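Visitor: Assemble the whole structure, with the sequences as input and the hints as a guide.
Number of protein chains: 2
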Amino acid sequence: MEVFLECLPCTLRQAIEASRMATGDRALQQAIMEEVVRLLAAFPQYKSSPELGRVVHQLVKERTGAADPYKRIKMESIAKALQLYPVLKEFLAGQQDQLYWALKIAVTGNSIDAAVSTKIEIKEQIEAELTKELALCDLESFAEELRQAKRLLLIGDNAGETVFDRILLEKLAADGLELIYAVRSEPVINDATLEDAYASGLAEVARIVSTGCNVPGLLLEECTPEFQEIFRTVDLIISKGQGNYETLGDLERGIYFLLKAKCAPIATLLGVKVNDYVFFRR
Amino acid sequence: MEVFLECLPCTLRQAIEASRMATGDRALQQAIMEEVVRLLAAFPQYKSSPELGRVVHQLVKERTGAADPYKRIKMESIAKALQLYPVLKEFLAGQQDQLYWALKIAVTGNSIDAAVSTKIEIKEQIEAELTKELALCDLESFAEELRQAKRLLLIGDNAGETVFDRILLEKLAADGLELIYAVRSEPVINDATLEDAYASGLAEVARIVSTGCNVPGLLLEECTPEFQEIFRTVDLIISKGQGNYETLGDLERGIYFLLKAKCAPIATLLGVKVNDYVFFRR
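Those protein sequences? They're chains A and B, same order as listed.
Heads up: the first sequence begins at 94 in my numbering, then just goes up one per residue.
Heads up: the second sequence begins at 94 in my numbering, then just goes up one per residue.
Hint data in this document are derived by calculation from the structure and do not stem from the laboratory.
Since this is a predicted model, take the numbers as computed values, not measurements.
It is possible that some hints are incorrect.
The list cannot tell twin chains apart, which means a pair is met if one copy fits it or any two copies do.
Calculated pairs, SDA-like style, for lysine to any residue (alpha carbon to alpha carbon, straight line, at most 25 Å) [to be verified]: (1) K140 with A120; (2) K355 with L192; (3) K154 with A135; (4) K140 with L121; (5) K355 with V327; (6) K164 with I273; (7) K366 with F97; (8) K140 with D118; (9) K154 with E99; (10) K154 with A134.
Guide: The following block contains the structure:
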């Protein structure tokens, strides 16, 4: 999926944020931003925004020596989400349509995105967002496919959101599915890695695997043969978040995308409003 | 005043907005953004953000042939502000402290800024913003200087805001001051030009002059000798908006700055919160 013009200021904003998380040295932050802007000039050469994001965030890591600038943010997000876990379970228990609301809980976790805002107060935001219904919802076809399915792959997005995904996976495990949870191969922005998935308690309900790919999205051609095999052979795939959609949305294979539309280009593409939650097959 | 790192994404966002206002040709919009990003890489060479903004907006105008991409927005802002004019006059008439509230009305007009958001609903926004008090307020020293003053220069900012400035000028004219209202020498973003100042009815209360400078701010060394003479000889100067502050804030001469802090770097510099209104002498 193309790099939208709106990705340019957004990438710069993220680069400033990442630089400041990685170092307190203002001269270094400025020097990094000079390099980032020069990198950004090549934006038409990138096939998607996550590929551009990768080089920018790698640059920040290389120049500062900080291997994981968002580590503290990710740990805090997971800790806060784990505090919310019983609240979310109780909320789900009170609902009629368990599948719909398990999906809705998982996508509400997509609000926890340091790439969009680091200042969110998770608990308050989640409570307000939880009851907002899905603006696109291919639930019927999903439920239909689910009845035939034995193995499901969930492609994760952000740390913290992982705990919300766990609730969806627990619902699917109760239906007897074999579950695989995939994460980035190394830290990029606040995206979940193996460590984050384990810290979120996902190992209790799914097999956790690295995709082998380090973009804040998923480039299948860069993934490990093991992950490619999983991707090819599972019965169902749910992909979380915009970054995964931007890199997987044009593939032939049917995938269920579960995300919050966080910016105008993606919302426009999907025919929804910014901040709407969607679940759709493509 | 330095180009802040936050100016980089903000400048890109403005460039996208301006390109889309200037042309519907998406390939041209993309080509312009490629050039803008290359220009942006030289950001450390610019002394202030308005100087960077000038080259970006000039590029948009040159590449699209649109001499004034914000013309429609500016005309709409002025028309809406003129509709509000009687409401604002009535509001002021109901206040005890006429000088404070005339200043507050003028600075509330600084909310009308297409550079920050083109989607604002002016009337609703203004009504909500009008009663918010000034977070910094050098009213006493201003009132003191005003008693001695004969000539006052008001340096305008955005079109539409001009109508709000008119209310402040009408209050000052009633006190017997000779008033001069200064505008940009040519269209840049939604900043007021001679045409906009006349359309706002300012000629009834002040002498309208062009500064001779075309940045979205004011570089004294680029101004006409006539304007430099005015600047040097008036008793009091009020400067509206961030762009003027970013270019005039480090001068020796005392100036009263009246603005809404629209971004984190400026708010931090002034020790206020983003979206606070301020009136201070420097």
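Visitor: Decide, hint by hint, whether the structure agrees.
Guide: Against the structure, the hints come out as follows:
| no. | hint | in the structure |
| --- | --- | --- |
| 1 | K140 with A120 | between (32 Å within a copy, 16 Å between copies) |
| 2 | K355 with L192 | within (24 Å within a copy, 43 Å between copies) |
| 3 | K154 with A135 | both (20 Å within a copy, 23 Å between copies) |
| 4 | K140 with L121 | between (29 Å within a copy, 19 Å between copies) |
| 5 | K355 with V327 | neither (28 Å within a copy, 50 Å between copies) |
| 6 | K164 with I273 | within (24 Å within a copy, 55 Å between copies) |
| 7 | K366 with F97 | within (17 Å within a copy, 31 Å between copies) |
| 8 | K140 with D118 | between (33 Å within a copy, 21 Å between copies) |
| 9 | K154 with E99 | both (24 Å within a copy, 20 Å between copies) |
| 10 | K154 with A134 | both (20 Å within a copy, 20 Å between copies) |
Checked against the numbered hints above, the structure breaks only hint 5 and satisfies the rest.
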